[in-house]
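Model the full assembly from the supplied sequences, consistent with the hints where possible.
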Amino acid sequence: MAASTKRIVGYLPVEYHNRLRQYMDEENLGESAALVQILREFFDGRQQNPEIESLRGQLTQLQQRVAVVEAVLSSGGRGSRGRNSMPVMREPIKPKALTTAELAERLKVARKEIDEAVLQGVEEFKKWSRSRDPALIRWEKRGELFHQVER
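Residues 42 to 192 (my numbering) make up the sequence shown, in order.
Just so you know, the hints here were simulated from the structure itself, not pulled from any lab data.
Keep in mind it's a predicted model, so treat the numbers as computed, not measured.
Note that CB positions come from ideal geometry on N, CA and C, so glycine has one too.
Check before you lean on any hint, since a few could be wrong.
Said to hold, decoys possible - Simulated pairs of lysine-lysine, BS3-like, Cα-Cα distance not exceeding 30 Å:
#1 149 <-> 167
#2 153 <-> 182
#3 167 <-> 137
#4 47 <-> 153
#5 137 <-> 182
#6 153 <-> 168
#7 167 <-> 153
#8 153 <-> 137
#9 149 <-> 168
#10 168 <-> 137
#11 182 <-> 168
#12 167 <-> 182
#13 149 <-> 137
#14 149 <-> 182
Claimed, not checked - Label pairs and their calculated CB-CB ranges:
#15 106 <-> 142: 14 to 22 Å
#16 103 <-> 61: 27 to 35 Å
#17 106 <-> 68: 34 to 42 Å
#18 111 <-> 46: 44 to 52 Å
#19 81 <-> 176: 35 to 43 Å
#20 106 <-> 71: 43 to 51 Å
Shown next as structure tokens:
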């Protein structure tokens with residue numbers, strides 16, 4: 042009788058291996074069980090929730106809009122020219138986080154290229170993303186979202 046599972050062999054960057062070990066400890070799982078659980082969440086989660094990417098994009102837009110409202114409120118709701126003028130922003134409002142699709146659009150690359158670059162490690166990804174970002178911003182992945190790295 043054939044086995045219902047397949048054996049895989051691979052190599053992980055040290056950072057991902059450390060994170061896998063942490064996940065194993067948190068979930069009280071062995072290595073194989075942890076990898077199966079991670080893959081199940083990755084693949085099944087996408088199939089069960091096809092609208093998640095869209096919702097993440099909408100959430101990012103809402104976060105940016107809230108940041109604008111907060112800036113207006115913190116300036117007292119007025120600009121320097123009187124009651125009806127818009128406040129002058131000294132610095133552009135930075136997006137709090139981007140999805141893979143949003144970052145791919147910003148960097149003018151395919152999502153797959155981002156996934157591949159992430160696998161090269163945190164510092165390599167920061168360099169790679171900066172070299173493609175129109176504002177030379179370095180990015181890092183935290184969870185499922187990408188955040189700007191402060192200079």
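Each hint, compared with the structure:
Our distance criterion of 30 Å between C-alpha atoms is met by residue 149 and residue 167, whose separation comes to about 16 Å. Only pairs whose Cα atoms come within 30 Å are accepted, and residue 153 paired with residue 182 is accepted, the gap being roughly 15 Å. Restraint check for residue 167 and residue 137: satisfied, since their Cα atoms lie roughly 16 Å apart, inside the 30 Å limit. With a C-alpha separation of about 25 Å, the suggested pair residue 47 and residue 153 falls inside the 30 Å cut-off, and the hint holds.
In summary, the hint linking residue 137 to residue 182 is supported, as the alpha carbons are separated by about 12 Å, within the 30 Å threshold. A hinted pair counts as satisfied when its Cα atoms are at most 30 Å apart, and residue 153 with residue 168 qualifies at roughly 17 Å. Restraint check: the Cα-Cα separation between residue 167 and residue 153 comes to about 16 Å, which is no more than 30 Å; the hinted pair holds. Between residue 153 and residue 137 the alpha-carbon distance is near 22 Å, which keeps this suggested pair within the 30 Å criterion.
For the given pair, residue 149 sits about 16 Å from residue 168 by alpha-carbon distance, which is consistent with the 30 Å threshold. Between residue 168 and residue 137 the CA atoms are separated by roughly 19 Å; this keeps the pair inside 30 Å, and the hint holds. At roughly 13 Å between alpha-carbon atoms, residue 182 and residue 168 fall within 30 Å of each other, so this suggested pair holds. As the CA atoms of residue 167 and residue 182 are separated by approximately 9 Å, the hinted pair is consistent with the 30 Å bound.
For the hint pairing residue 149 with residue 137, the CA-to-CA distance comes to about 19 Å; that is within 30 Å, so the pair holds. For the hint linking residue 149 to residue 182, the alpha-carbon distance of about 17 Å falls within 30 Å, and the restraint holds. Under the hint 14 to 22 Å, the C-beta atoms of residue 106 and residue 142, about 19 Å apart, fit the expected range. Checked against the given bound of 27 to 35 Å, the beta carbons of residue 103 and residue 61, roughly 33 Å apart, stay inside it.
Against the hinted window of 34 to 42 Å, the Cβ-Cβ separation of residue 106 and residue 68 comes to about 36 Å, which satisfies the hint. At roughly 51 Å, the beta carbons of residue 111 and residue 46 sit within the given window of 44 to 52 Å. For the hinted restraint 35 to 43 Å between residue 81 and residue 176, the CB-CB distance of approximately 37 Å keeps it satisfied. For the hinted restraint 43 to 51 Å between residue 106 and residue 71, the CB-CB distance of approximately 45 Å keeps it satisfied.
In this structure, none of the earlier numbered hints is contradicted; all agree with it.
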